[in-house]
Amino acid sequence: MYKYLVASLLFITFSAKSQELLTLEDVVKITIENNFDVEIAKNNIQVAKNNNNIGLIGGGQSTGGTVSGGTTGMLPQVSLAAGSPQNPLGFGRTTSTLKYDPSSKITPVTGQTLNSLSYSPSLVVTWYFFDGMKMFATKKKLNRAEELSDLQYRLTVENTLLTALTTYYQMISIKQFIKSLNTSLLLGQDQKKLAEEKLKAGVGSAVDVLQTQIDYNNILVQITQQENLLNEQRVNLNLVLKRPQDVEFSVPDTIIIKTEPEYTSALENTDRNNSSILIGRKTLDIDQLALKEFKANAWPKIGLTGNYTYQYISNDVGVLRLNQNYGYNGGFIFSWTILNNLTTRTAIRNQKLLQSSDNLRLQASEMQEKSNLYKAYLSFRNNLKIIELARENVKLSNQSLYIAAQRFKQGLSNYIEYRTVKLAYETAEYQLSQAAYNTKLSELNFLKAQGLLVH
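Here the sequence shown is numbered in this note's numbering, starting from 2 and rising by one per residue.
Simulated from the structure, these hints should not be mistaken for lab results. Backbone N, C-alpha and C fix where the C-beta goes; we use that ideal spot for every residue, glycine too. Among the clues, some could well be false.
As the list claims (entries may be wrong) - BS3-like mimics (lysine-lysine), calculated; alpha carbons at most 25 Å apart, straight line: (1) Lys293 <-> Lys283; (2) Lys302 <-> Lys353; (3) Lys140 <-> Lys50.
Claimed, not checked - Across the chosen pairs, the derived CB separations fall in these ranges: (4) Pro245 <-> Phe131: 58 to 64 Å; (5) Glu26 <-> Gln214: 42 to 48 Å; (6) Glu198 <-> Ala425: 22 to 28 Å; (7) Gln214 <-> Lys396: 27 to 33 Å; (8) Ile41 <-> Leu397: 48 to 54 Å; (9) Glu26 <-> Thr127: 54 to 60 Å.
Modelling step: build the complete structure from the supplied sequences, incorporating the hints.
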């Protein structure tokens, strides 16, 4: 009968309505495509790509990972003007009244109107071809900044995916435990009927009947509590996947371990692939290039400039009726800041200190990530041992439960003995579901430390 009850679990529906089965591949795909943090990281990559162009190099000093445009760059600056506040483009009208000393015999002017037309467009081209090699350092720094944004995106994906998978496997663990509780529920129902039949036959006890009902109700409470936990994790996973909170789905009922804990090669992978370590190294590269930018400010700047201007002014009265000028000029530009209140010197000193601090952060990151790897390795190795013991316990408790059920049915034992064995079975099933989850979690952390969670 016990085997029949276990087999009947295959037909127990986990939910009252049909639900989508969310596979591991679905979780990975939806997380990378939809998650808010991942989308923001994608935008940051595009910003870094937009900034990495030869038109944004030079001039302004780089600060905080961004580069401002300026007067020095690989591309020339071209400007077109067609007037100024002093010499506007357009029409003008002036009304004049002039009175002179009567003895001068000059004819006075009363309300005379002067109409004028003026415009003066100009074209200016400026190109600095030497700025102490700063433009080349900035271009390299922009290349590194774009690479840094790729690494930051990868780290965001890893952290987000770890959160999603942790929740996903927690749901599978809960589902496994609910499945074992359903087995206990069916067995409890059978034992409750058996206790009632024994009482009617005069060979049982009313205490056993009451206790079987209490145990049956307790199992129902546990199932309800676990379903509440399952629903909470479902909402949490929907949030990570950027889906409505009420989207219903189911998960598989088995956790599969695919990795073997091997430390030597994992340590090499961590040094070579870990995202946090690579970010620290890339930051140091950027610091070095920023230092070259500051040092370049101590050098002179040499460039070429040229302009073409045209000026036209006409008046309808007066001695000067037309004034027209046009022409061009060009030449070299040379500038050298000899003293700027020690600004460049201070900036170089501060940049060296920043570089030293980032180097210390890199060393701390390397130690932290390798420590994370070692802890994950130890946890993974030990959890594999625990899960084997948990499986053995489940196998043994199944056998013990079957024997105890037969003894209770045949009247060879009381319900207290059977109940003790049944509780041991439930504990073994719970420990197996937790061991599977803990092993998978340690495997995920082991892979993340190596930079292999996303590959």
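When the hints from earlier in the document are held up against this structure, which numbers fail? Per hint list: zero violations.
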